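A.B. asks: Assemble the whole structure, with the sequences as input and the hints as a guide.
Taken in order, these protein sequences are the chains called Y and G.
Numbering of the first sequence is given in this note's numbering, commencing with residue 1 and proceeding in unit increments.
Numbering of the second sequence is given in this note's numbering, commencing with residue 1 and proceeding in unit increments.
Just so you know, the hints here were simulated from the structure itself, not pulled from any lab data.
A quick note: this is a predicted structure, and the numbers were derived from the prediction, not measured.
Treat the hints with care, as some may be off.
Facing chain G, according to a computed beta carbon distance under 8 Å, are these residues of chain Y, among others [claimed, not checked]:
#1 R20
#2 A93
#3 M101
#4 N107
#5 G121
#6 N246
Below 20 Å or equal to it, Euclidean Cα-Cα: the simulated SDA-like pairs (lysine to any residue) are [stated by the list, open to error]:
#7 K127/Y - K161/G
#8 K130/Y - Y138/G
#9 K124/Y - Y138/G
#10 K127/Y - F132/G
#11 K130/Y - T137/G
#12 K124/Y - R131/G
#13 K124/Y - E123/G
#14 K124/Y - T137/G
#15 K124/Y - G210/G
#16 K161/G - Q121/G
#17 K124/Y - Q121/G
#18 K124/Y - K161/G
#19 K200/Y - D174/Y
#20 K130/Y - K161/G
For glycine and all other residues, C-beta sits at the position ideal for the given N, C-alpha and C.
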Amino acid sequence: MASSDMSSEPLLRATNVHKRFDSVEVLKGIDLDVAQGEVVAIIGSSGSGKTTMLRCINLLEEYDDGEIHIDGETIGYRIVGGVRKRLRESAIADQRARIGMVFQGFNLFPHMTAEQNVMLGLTKVQKMPKAEARDRAVHWLDRVGLAERREHYPYQLSGGQQQRVAIARAVAMDPRLVLFDEVTSALDPELVAEVLSVMKSLAESGMTMLVVSHEMLFVRDVATRVVFMDGGRIAAEGPPAEVMGNPSSERLRSFLGRFHGLFG
Amino acid sequence: MGDKGTFLYEIWVARGSLLSGAALTMQLSLAVIAIGSFIGCFGGLGLVYGPAPLRLAIRSVVEVLRGVPVLVLILFCYYGLALFSIDVTAPAAGVIALSGFCAAHMSETFRGAVASIPVGQTEAAKAIGMRFWQRLTYVILPQAARRMLPPWVNTGVEIVKGTTLLSIIGVVELLLSTQQAIARNYLIIQFYLAAALIYIIINFSVSQLGAWLERRFAYFRY
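C.D. replies: Structure follows, in structure tokens:
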């Protein structure tokens with residue numbers, strides 16, 4: 001059992017994670033550690049398994065083999081007599097509440113104002129009193145620069161604003177780790193910057209973040225570590241300067257070549 | 001009130017039975033819509049979230065109830081249930097039959113509305129740690145309700161009109177009470193028109209109620 005040496009484990013530890021969709025093996029044994037306060041960026045081309053890896057961590061996908069631990073606790077499963085058993089829905093919900101996630105398509109609740117979007121998890125999942133939840137929502141909406149817009153419905157907000165509300169919704173839950181799944185890919189180039197600057201400020205405040213992104217400048221400047229995924233495996237890993245400045249393989253070089261000029 | 005035999009005179013004479021017929025039509029409709037919608041919600045939930053055997057079972061029942069003419073359902077409930085030693089009065093048989101019809105349609109409506117909510121909504125709710133019933137209550141159903149309203153109103157109107165079929169098994173709702181009045185005064189066209197007018201008033205109220213609900217739910221957009 002891993003629980004005995006919890007203190008020595010990083011915040012997130014994934015070991016040998018496998019995931020297949022029918023006959024296609026999308027993750028072929030991922031090992032990934034994320035320590036508290038780290039900002040880890042996952043880069044790689046479409047279909048390399050980045051998003052799937054992220055979705056396995058909060059069980060939007062079920063992984064087929066391997067283990068994912070958060071604070072030493074196995075996510076989604078427990079091993080009973082050598083057999084993997086899926087946890088009950090309620091146990092999985094409790095685990096998810098400790099992991100924030102921000103989506104490519106925002107996924108704000110359209111029938112709720114910005115403030116209600118942020119408050120929902122606080123009042124219903126954390127059972128926080130309404131007044132306290134509202135204070136917390138206002139605080140975080142202010143942090144993402146949207147205090148003025150808190151009474152607005154999602155359709156009244158721009159894409160960048162919606163995504164910032166979604167970030168506030170995720171971080172207001174005070175999660176151990178926040179997953180960002182290509183959160184700027186659906187945005188106009190003009191709106192990308194406002195979202196990235198919010199993420200940068202979260203990173204600077206010490207939030208542990210796992211970020212799937214194609215924003216190479218952001219990755220280079222903000223990530224403490226970069227993971228390059230290729231064909232369902234981690235093909236390279238290290239500090240941004242090393243991974244991106246001095247690509248270790250032809251595959252990585254050609255991937256980064258698409259962003260040529262950014263890294264001198 | 002004019003002379004005996006004129007429309008005004010005869011409708012004044014028949015007012016009590018016509019009004020009690022209209023009242024029964026509305027009571028039956030309300031009961032059927034309430035029961036049918038209630039059952040339909042669970043049918044729809046089962047169709048969306050249930051395990052495969054449950055889905056198959058619900059789907060089969062829905063297909064039968066939608067495939068069989070409503071009149072046949074009514075006759076089956078009235079005469080057929082007696083074969084199984086289930087003793088029902090005519091109004092009860094009518095409510096059972098129409099509720100089944102209504103539930104089948106509501107199951108489909110409910111299923112369609114819930115299934116049309118983007119999967120990202122469920123995922124976002126999961127991501128903040130919400131459990132199944134919380135996701136349903138706070139995220140999925142408020143959005144699905146709005147999409148369900150127009151077909152729900154349609155079903156409601158169909159049910160009101162469907163209650164006329166209960167005249168066949170002797171339930172004295174508006175149509176049968178009209179026919180009984182006609183049997184006494186022979187003012188066929190006038191009384192059928194009067195009945196039609198009452199049906200239109202009832203159904204117009206139903207659709208206005210629906211429109212009002214739609215406006216209430218129109219505070220958000222996509």
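A.B. asks: Run every hint past the structure and note whether it holds.
C.D. replies: To see whether the hints hold, each was checked on the structure:
The closest approach between the C-beta of R20/Y and any C-beta of chain G is roughly 20 Å, which is over the 8 Å cut-off, so the hint fails. Checking A93/Y against chain G: minimum C-beta separation of about 5 Å stays under 8 Å; hint holds. Annotation: M101/Y was flagged as interfacial toward chain G, and the flag holds, the nearest CB pair being 4 Å apart, inside 8 Å. A least Cβ separation of about 4 Å between N107/Y and chain G falls short of the 8 Å threshold, and the interface hint therefore holds.
Because the smallest distance between the Cβ of G121/Y and any Cβ of chain G comes to about 3 Å, under 8 Å, the interface hint for this residue holds. Taking 8 Å as the C-beta cut-off, the interface hint given for N246/Y is violated, the closest approach to chain G being about 36 Å. Distance check on the hinted pair: K127/Y and K161/G sit about 47 Å apart at the alpha-carbon level, beyond 20 Å; violated. Restraint check for K130/Y and Y138/G: the C-alpha separation of about 15 Å stays at or below 20 Å, so the hint holds.
Simply put, K124/Y and Y138/G have alpha-carbon atoms about 9 Å apart, close enough for the 20 Å limit, and the pair holds. At most 20 Å may separate the alpha-carbon atoms for a hinted pair to count; K127/Y and F132/G meet this at roughly 16 Å. Among the hinted pairs, K130/Y with T137/G is consistent with the structure: their alpha-carbon atoms are about 18 Å apart, no more than 20 Å. A hinted pair counts as satisfied when its Cα atoms are at most 20 Å apart, and K124/Y with R131/G qualifies at roughly 10 Å.
Proximity of K124/Y to E123/G is assessed by CA-CA distance (about 16 Å); at most 20 Å being required, the pair is judged to hold. Only pairs whose Cα atoms come within 20 Å are accepted, and K124/Y paired with T137/G is accepted, the gap being roughly 11 Å. A hinted pair counts as satisfied when its Cα atoms are at most 20 Å apart, and K124/Y with G210/G does not qualify at roughly 30 Å. Proximity of K161/G to Q121/G is assessed by CA-CA distance (about 37 Å); at most 20 Å being required, the pair is judged violated.
Between the alpha carbons of K124/Y and Q121/G the distance comes to roughly 16 Å, so the proposed pair stays at or under 20 Å and holds. For the hint linking K124/Y to K161/G, the alpha-carbon distance of about 43 Å lies beyond 20 Å, and the restraint is violated. Distance restraint check for K200/Y and D174/Y: the Cα-Cα separation of roughly 17 Å lies within the 20 Å cut-off, and the hinted pair is therefore satisfied. Restraint check for K130/Y and K161/G: the C-alpha separation of about 46 Å exceeds 20 Å, so the hint is violated.
Hints 1, 6, 7, 15, 16, 18, 20 from the list above are not met by this structure, while the remaining hints are.
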